[in-house]
Structures are given as C-alpha cells and as structure tokens.
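Visitor: So the chains spell out like this:
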Amino acid sequence: MTLHAKLGADVGQTDSLRMADLFCLHDWASTPLGRREIWPPVLRTTVDLMLGSLHPMCVLWGPRRLFLYNDGYAEILGSRHPGALGRPTEEVWPELWGDLGPLIDRTFRGESFAFRDHPLTMTRNGFEEQVWYDFAYSPIRDERGEVVGLLNVTSDCTARVQAQRERDGAIERLRVGEGRLAALVEASPDSLYTMSPDWQEMRTLHGRGFIADTDAPCVRWMDAYLFPEDQAGIRRTVEAAVARTEPFELEHRVRLADGSEGWIFSRAVPVTDAAGRVTEWFGMAADVTARHRAVEQLRESEAFMRGVLASSNDCIKVLDLDARLTFMSEGGQRVMEVSDFNALEGCPWPSFWEGAGNIAAREAIASARAGVACSFQGYANTMRGNRRYWDVQVSPILGADGRPERILSISRDITDLKAAEEARAVLVQELAHRMKNTLAMVQAIVTQTLRQARSMEEGRTAVSQRLSALGRAQDILTRSNFTEADIHEVIAVTIDPHRVAEDRIAWSGPSLTLTAQQALGLSLATHELATNAAKYGALSNETGRVTMSWRVEDGAFAFDWVESGGPPVAPPEGRGFGSKLIERIVASYFDGEGRLDFDPSGIRFRLTGVPGGTAVEA
Amino acid sequence: MGQSFHPEQVAVLVVEDDALLRAEAVDLCIEAGFTTHEARTADQAIRVLEHHPEIRVLFTDIEMEGSMDGLKLAHAVRERWPPVAILITSGRRMVTQADLPENGLFFAKPYPPDDIVAALNAIAARIAP
Numbered sequence: 001m002t003l004h005a006k007l008g009a010d011v012g013q014t015d016s017l018r019m020a021d022l023f024c025l026h027d028w029a030s031t032p033l034g035r036r037e038i039w040p041p042v043l044r045t046t047v048d049l050m051l052g053s054l055h056p057m058c059v060l061w062g063p064r065r066l067f068l069y070n071d072g073y074a075e076i077l078g079s080r081h082p083g084a085l086g087r088p089t090e091e092v093w094p095e096l097w098g099d100l101g102p103l104i105d106r107t108f109r110g111e112s113f114a115f116r117d118h119p120l121t122m123t124r125n126g127f128e129e130q131v132w133y134d135f136a137y138s139p140i141r142d143e144r145g146e147v148v149g150l151l152n153v154t155s156d157c158t159a160r161v162q163a164q165r166e167r168d169g170a171i172e173r174l175r176v177g178e179g180r181l182a183a184l185v186e187a188s189p190d191s192l193y194t195m196s197p198d199w200q201e202m203r204t205l206h207g208r209g210f211i212a213d214t215d216a217p218c219v220r221w222m223d224a225y226l227f228p229e230d231q232a233g234i235r236r237t238v239e240a241a242v243a244r245t246e247p248f249e250l251e252h253r254v255r256l257a258d259g260s261e262g263w264i265f266s267r268a269v270p271v272t273d274a275a276g277r278v279t280e281w282f283g284m285a286a287d288v289t290a291r292h293r294a295v296e297q298l299r300e301s302e303a304f305m306r307g308v309l310a311s312s313n314d315c316i317k318v319l320d321l322d323a324r325l326t327f328m329s330e331g332g333q334r335v336m337e338v339s340d341f342n343a344l345e346g347c348p349w350p351s352f353w354e355g356a357g358n359i360a361a362r363e364a365i366a367s368a369r370a371g372v373a374c375s376f377q378g379y380a381n382t383m384r385g386n387r388r389y390w391d392v393q394v395s396p397i398l399g400a401d402g403r404p405e406r407i408l409s410i411s412r413d414i415t416d417l418k419a420a421e422e423a424r425a426v427l428v429q430e431l432a433h434r435m436k437n438t439l440a441m442v443q444a445i446v447t448q449t450l451r452q453a454r455s456m457e458e459g460r461t462a463v464s465q466r467l468s469a470l471g472r473a474q475d476i477l478t479r480s481n482f483t484e485a486d487i488h489e490v491i492a493v494t495i496d497p498h499r500v501a502e503d504r505i506a507w508s509g510p511s512l513t514l515t516a517q518q519a520l521g522l523s524l525a526t527h528e529l530a531t532n533a534a535k536y537g538a539l540s541n542e543t544g545r546v547t548m549s550w551r552v553e554d555g556a557f558a559f560d561w562v563e564s565g566g567p568p569v570a571p572p573e574g575r576g577f578g579s580k581l582i583e584r585i586v587a588s589y590f591d592g593e594g595r596l597d598f599d600p601s602g603i604r605f606r607l608t609g610v611p612g613g614t615a616v617e618a
Numbered sequence: 001m002g003q004s005f006h007p008e009q010v011a012v013l014v015v016e017d018d019a020l021l022r023a024e025a026v027d028l029c030i031e032a033g034f035t036t037h038e039a040r041t042a043d044q045a046i047r048v049l050e051h052h053p054e055i056r057v058l059f060t061d062i063e064m065e066g067s068m069d070g071l072k073l074a075h076a077v078r079e080r081w082p083p084v085a086i087l088i089t090s091g092r093r094m095v096t097q098a099d100l101p102e103n104g105l106f107f108a109k110p111y112p113p114d115d116i117v118a119a120l121n122a123i124a125a126r127i128a129p
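Chains W and G, in that order, are what the protein sequence lines are.
Quick note: the first sequence uses UniProt numbering, first residue 1, plus one each step.
Quick note: the second sequence uses UniProt numbering, first residue 1, plus one each step.
No lab work stands behind these hints: they were computed from the structure.
Glycine is no exception: its CB is placed at the ideal position from the N, C-alpha and C atoms.
Treat the hints with care, since some could be wrong.
[As the list claims (entries may be wrong)] EDC-like, lysine to aspartate or glutamate: derived pairs with alpha carbons at most 20 Å apart: (1) 418/W x 391/W; (2) 72/G x 43/G; (3) 436/W x 43/G; (4) 109/G x 99/G; (5) 580/W x 553/W; (6) 436/W x 31/G; (7) 72/G x 99/G; (8) 580/W x 593/W; (9) 535/W x 457/W; (10) 580/W x 27/G; (11) 418/W x 314/W; (12) 436/W x 65/G; (13) 436/W x 69/G; (14) 109/G x 430/W; (15) 535/W x 597/W; (16) 580/W x 458/W; (17) 436/W x 115/G; (18) 580/W x 69/G; (19) 535/W x 496/W; (20) 580/W x 31/G.
[Stated by the list, open to error] Calculated Cβ distances over 12 Å to all of chain W for the following chain G residues: (21) 80; (22) 102; (23) 105; (24) 125.
Let's have the full structure, built from the sequences with the hints guiding it.
Guide: As structure tokens, then:
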C-alpha cells in the first residue's frame with residue numbers, strides 16, 4: 001500500500017516512473033508475453049504511449065487479454081494494483097467480466113466502442129462500489145492488420161454523475177414542491193397579491209372572485225380596494241411594517257368585487273434577494289366578511305342584551321350554586337344602590353334578606369339547585385340601607401348536561417305596590433267601618449221614625465224621605481272624601497227636592513266648612529224643617545217664604561231658619577223624632593244648642609255652636 | 001228568667017259620640033225600662049259615674065274623641081267600679097274577648113236592638129236584689 005500511496009501522490013507529474021519501473025521489474029519471462037525485448041513492436045509502441053500518458057489507460061493483450069495499465073489507471077484498480085499487472089483481465093475484473101467480456105471480444109474482432117457515464121459495480125476494495133466511467137475500447141492491430149490487443153482509454157466520472165444526479169433530484173424535489181405550493185395556492189380561497197417594496201405600487205392581485213383582480217402594476221390600489229375613511233389607518237400600519245421589514249397582519253374593511261363592503265384578513269411577508277434587500281411583498285387575504293358580520297351581529301346582540309339588562313329596573317343577578325353573587329345587571333345595581341359591584345361579588349346572596357325573607361331566600365336557592373324555579377317576596381335593604389320590598393324569582397340556569405349550573409335571581413322593587421296594597425287594605429277597612437257607621441245611622445233613623453209613626457204608611461214615607469236626605473248628604477261627603485263639606489253645598493242639595501218657586505226659599509251666609517257629622521246633621525235638620533214647612537208651614541200655601549242665614553262671630557256659629565207668610569202656627573201636640581233630631585241631635589254635632597220656636601207668624605229655628613266641630617266639650 | 005226584678009232600679013250609662021246613635025241607644029234602654037244616662041266622651045262618662053253610683057251597666061262605643069277610647073274606659077270602669085257590667089260596641093273593630101274586661105260583652109255595629117235589651121235584662125236579673 002505504501003507503494004500505491006506514493007504512486008497516488010505523484011499523479012500529475014509528466015513522467016510515470018512508477019508504472020514504468022514496475023514494467024521494468026516485472027518478470028515478463030514467466031508470462032505468455034515473454035521477455036519485454038521480444039515483444040512485438042506494436043505492443044512496445046502501445047505500452048510506451050500508454051505509460052507516457054497521464055490519462056488512465058489500459059491495454060488488454062492477446063487471446064488471454066493480459067492486463068497492462070498506466071499510472072492513471074492504477075488508481076482505478078484500488079487494492080488490485082499492482083498485482084493486476086500482466087494477469088488475464090478476467091481475473092483482474094471478475095465482477096465486470098460478465099458485462100464487459102462480450103464487448104472486449106467484439107473489439108478483438110475489430111469493433112470500437114465508446115461509453116459515457118457507464119455504471120459499473122466494482123469490488124476492487126473488498127466491497128461493492130457504484131461507479132460511473134467514460135471509456136473507449138479501440139482495437140490494436142499488428143502490421144498484418146490482425147487485432148492483437150485492445151486499448152481502453154477511460155476516466156472516472158462518478159463524482160460528476162453523482163453531482164448531476166443530486167442536482168436532478170434537487171430539481172425534481174423543487175418541482176414537486178412548487179407543484180404542491182401551486183396546488184395549495186390554487187386550492188386556497190384566499191386572494192394573493194404582490195406589492196412593491198415600499199407598498200406604493202400593487203403589482204398583482206388575484207382576487208379569487210371576491211375582490212377585483214389587478215393584472216398590471218397600479219399605484220392607486222388604495223382607492224380601488226379601500227374606503228376613503230379607512231385609508232389613513234391602513235397606511236400607518238403598512239408603513240410601520242415596511243419600516244421594520246417584518247411580516248404583518250391586518251383585518252380591515254375592503255370594497256368587494258360587487259362594490260359592497262366586506263372584510264379581509266390580510267397577511268403579507270417581505271420577499272428578499274440574496275443580498276437581503278426586499279424585492280417585493282407577497283400577501284394573502286382571506287375573505288372574513290361573513291365572520292366579521294357574525295362577530296358584529298354578536299357584538300350588537302350583546303350590546304342589545306347589555307342595554308336590556310341595563311335599562312331594566314329589575315335587579316337581575318347570577319349566582320353560583322353556593323348562592324354567591326357573580327353578576328348583577330346595571331339596572332339592578334341602580335335599584336340596589338350599589339356603587340361598586342366588586343365589593344359585593346362573591347357575597348352570599350341570602351344574607352341580604354332579613355327575617356322571613358332570609359328563610360325564603362335559602363329555600364329558593366335549595367329549590368333552584370334541585371332544578372325547580374320558585375318565587376317569594378320579602379324585605380331587603382339596598383346598599384345605602386333603604387328598606388325595600390321585593391318580588392323575587394329564583395330559577396336554575398341549566399348547563400349543557402341539563403343540570404343546574406348557576407342560579408338566576410330576578411328581584412323587582414315592589415315597595416310602592418306593597419304600600420299601595422297596604423293603603424288599599426286600610427281603605428277597605430275604613431270603608432267597611434263607614435258603611436257600618438252609616439248602617440247604624442240608618443238603623444237609628446228607621447227605629448226612631450217607626451217608634452213615633454202613627455201608621456205604617458206614615459212611617460214608610462218618613463223613613464224614605466229621611467234616608468233620601470241622608471243619601472244626598474252622603475253624596476256631598478263622598479265628593480270631599482268623607483271628611484268635610486261646605487255649608488252652601490249642604491243647604492243647596494238638601495233644599496233642592498223641596499223647592500217650590502225660585503224666590504220662596506232663600507239662604508245667605510259665609511262660606512264655611514263643616515265636619516262630616518255636622519254636614520249630615522244640618523242636612524237632616526234642614527230636611528225635617530222643609531218637610532214640616534211643606535206640610536204645615538210657610539211652604540204649605542202659595543205665598544209663604546223660608547229664609548236661612550248663618551254667620552260666625554267670635555268663633556261662634558249661628559244658623560237661623562225663619563218662616564213667614566205661612567198659615568198661623570200652632571205648637572204641636574207632642575214632640576216627634578223630627579223635633580228631637582232638630583233640637584238635640586244636630587245641636588250635639590255642633591257642640592251647641594238648637595231651639596225650635598213655634599211663633600204664630602212662622603216657625604223659627606236657631607242653631608248655635610262651634611263651626612267646624614273643632615272643640616270637644618270635656 | 002222567672003225572677004222578678006225592677007229595671008228602673010238598674011241605671012245604664014250610654015257612651016256614644018254620635019248624637020243620633022246615642023239618642024237611639026238611650027231610647028232603646030229607656031224603652032226597656034232602665035234608668036238611662038248618657039255621655040259623649042269617656043271623660044264625661046267618668047264624671048257621670050262619679051255622680052251616679054246607681055249606674056250598674058256601662059254601654060259604650062269604642063271610637064270616640066277625647067283622652068281615651070271606649071275600651072280604655074271599660075277597663076278604667078272595671079278598675080274603679082268593679083260591679084258595673086260592661087257592654088261594648090264598635091263598627092270599626094272586631095273586638096276579641098281578650099281585649100275586653102272580664103265579663104264584658106261585645107256587639108258589632110249595627111247591632112240588633114233586641115240583643116242589647118236581652119243582655120241588659122240578663123244583667124238586671126243577675127244583680128236584682
């Protein structure tokens with residue numbers, strides 16, 4: 001091997017001393033060629049030519065194809081050098097003999113062959129090696145023209161072939177890759193675009209149908225694709241990305257191919273040359289109009305829901321299953337007078353309720369946890385300590401599995417309703433009382449009247465008339481909420497059924513407010529007097545008159561009924577309920593006295609007392 | 001009853017602020033044969049009781065103006081004049097036995113006159129000499 005290494009190191013020198021030396025040293029006498037001195041001239045000439053060449057060559061000589069080679073070829077033999085010299089070729093290249101033997105034979109018959117990049121599998125170093133060789137076989141003829149040998153000029157082109165194959169492989173892979181990329185781009189619904197390095201110019205845009213194509217470079221691309229109000233913002237983003245020379249993404253509004261408004265998600269990357277300079281920007285833009293609209297709708301729907309929650313005066317809360325507050329609507333925070341919900345978040349909700357409400361709230365939570373909605377009413381303070389009465393509905397919020405996941409509580413402030421209900425209850429109570437009181441009065445009037453009636457007929461008439469007078473007085477009181485009435489109104493209403501002619505009944509006096517009892521009493525008294533006057537007194541003929549007048553002096557009230565022009569008056573035989581009513585009962589309502597005077601020229605009645613029923617005699 | 005008694009020996013005090021109702025109650029008692037006094041207010045009633053020890057029955061309305069209502073009057077009377085029997089009436093309240101002095105009787109307004117007369121007679125019979 002030392003020899004081989006030395007030989008290798010000397011390749012490139014013009015003289016091939018090493019093989020020449022081996023030719024000199026070789027024991028040719030023991031070979032079919034015999035001593036070198038007796039070699040035919042054509043062989044000597046050929047060997048000299050061969051040994052003098054740097055190009056790998058070998059000569060196959062004679063019927064046994066004895067193998068002769070030069071320094072250039074020695075390398076090709078690997079570990080078979082130098083033992084191959086002078087041996088039959090079949091023994092030198094047994095692995096190739098099957099392929100090459102026939103060609104060699106044909107060369108000996110006079111043919112020439114040239115092979116390029118011929119693949120061979122050699123085992124010259126004890127293992128298989130795939131190699132490629134260019135070689136040319138030429139016949140060597142003697143002076144008689146007989147083929148006596150074969151000259152093989154060869155060169156190892158394995159490195160070149162392998163490089164070629166690698167390049168071909170790389171090209172193939174590139175082609176496949178490009179094909180895939182093209183398919184990918186084709187399969188994608190995204191639009192593709194290229195921009196000049198400074199983005200001033202759009203070079204191309206394949207709109208994929210949803211936005212218009214740009215086939216020729218265009219500097220007014222913004223006007224073509226963007227709405228005027230969006231241009232400044234997009235330009236800023238683009239300029240920042242260009243300055244950084246980094247990929248950028250942007251979702252923005254565009255004019256769609258049909259002119260309507262749409263949204264795209266655009267991503268662009270800078271494409272650089274070998275020197276790192278940006279040659280263009282390549283971008284893809286996905287049509288996200290539908291998603292954007294969905295998001296917009298969701299946002300609108302959320303805003304709508306928020307608005308609903310905020311404008312509702314119901315306190316809408318979401319609790320977790322442990323009844324802790326997790327959400328309270330804006331409107332709810334308003335009615336609950338919450339200034340900072342964070343302070344409340346996580347608080348146990350039932351603790352807001354007092355007394356029975358607290359128990360009801362706990363029961364409602366237990367019910368909601370079991371999946372059943374329920375409601376209750378109770379008192380709870382707002383965060384500012386104002387006591388309110390609430391109508392509360394508590395219901396489970398079911399999860400996807402149908403089990404209660406959270407709890408919804410809606411409380412409505414019904415404090416006013418509750419107060420109105422209570423007021424109504426009081427009013428009903430009061431009405432019942434008044435009705436019973438009125439019934440008691442009716443009972444008293446009926447009993448008193450019947451007690452004195454001389455006949456059923458007289459009793460029935462008197463009862464009807466008195467109850468009718470009572471009813472009219474009640475009308476006045478109803479208008480004034482049962483508490484007071486003006487004396488003018490009381491007199492006018494009472495006298496109305498008794499009026500005979502415009503000027504025969506007259507009254508005058510200051511406006512004066514009477515208590516309910518005084519109004520009823522004066523009404524009944526006036527009714528009695530008028531009834532009596534129509535039967536026996538001033539109103540029983542065509543000329544008589546009745547004059548009523550009243551005044552208040554130094555806090556004292558005085559009312560006068562004066563009849564004139566009637567038939568002569570005779571005092572009655574006995575005093576009936578009418579007289580008692582006039583003199584005692586009505587006077588009592590005024591905390592004063594009533595005096596009936598049977599003056600022959602006409603009945604006179606004077607009532608004195610306290611107006612407005614202020615003082616009660618102790 | 002079967003027992004003879006003299007209603008005129010039993011005096012009744014009617015306390016009622018409404019003159020009409022008072023007049024009717026007074027007439028009812030008189031008609032039943034009882035000596036009858038009347039008062040508009042509880043304070044008046046106390047003064048009448050102080051001057052007329054013969055009064056053995058208090059027949060009072062509850063709602064009235066003044067320093068006390070009929071219920072308070074009834075309790076005061078039970079305190080000061082224990083033997084005085086007590087009848088109470090009201091159109092406003094349903095009074096329970098617990099509100100009344102012991103042995104007090106309640107009549108809702110408007111009351112049947114006969115019930116009052118029967119109650120008065122029963123009292124008179126009980127306390128007759």
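Visitor: Run every hint past the structure and note whether it holds.
Guide: Hint check results:
{"no.": "1", "hint": "418/W x 391/W", "result": "10 Å, holds"}
{"no.": "2", "hint": "72/G x 43/G", "result": "11 Å, holds"}
{"no.": "3", "hint": "436/W x 43/G", "result": "25 Å, violated"}
{"no.": "4", "hint": "109/G x 99/G", "result": "17 Å, holds"}
{"no.": "5", "hint": "580/W x 553/W", "result": "26 Å, violated"}
{"no.": "6", "hint": "436/W x 31/G", "result": "24 Å, violated"}
{"no.": "7", "hint": "72/G x 99/G", "result": "10 Å, holds"}
{"no.": "8", "hint": "580/W x 593/W", "result": "12 Å, holds"}
{"no.": "9", "hint": "535/W x 457/W", "result": "16 Å, holds"}
{"no.": "10", "hint": "580/W x 27/G", "result": "11 Å, holds"}
{"no.": "11", "hint": "418/W x 314/W", "result": "16 Å, holds"}
{"no.": "12", "hint": "436/W x 65/G", "result": "18 Å, holds"}
{"no.": "13", "hint": "436/W x 69/G", "result": "18 Å, holds"}
{"no.": "14", "hint": "109/G x 430/W", "result": "14 Å, holds"}
{"no.": "15", "hint": "535/W x 597/W", "result": "17 Å, holds"}
{"no.": "16", "hint": "580/W x 458/W", "result": "18 Å, holds"}
{"no.": "17", "hint": "436/W x 115/G", "result": "17 Å, holds"}
{"no.": "18", "hint": "580/W x 69/G", "result": "27 Å, violated"}
{"no.": "19", "hint": "535/W x 496/W", "result": "16 Å, holds"}
{"no.": "20", "hint": "580/W x 31/G", "result": "16 Å, holds"}
{"no.": "21", "hint": "80", "result": "19 Å, holds"}
{"no.": "22", "hint": "102", "result": "26 Å, holds"}
{"no.": "23", "hint": "105", "result": "17 Å, holds"}
{"no.": "24", "hint": "125", "result": "24 Å, holds"}
The structure shown violates the earlier hints numbered 3, 5, 6 and 18.
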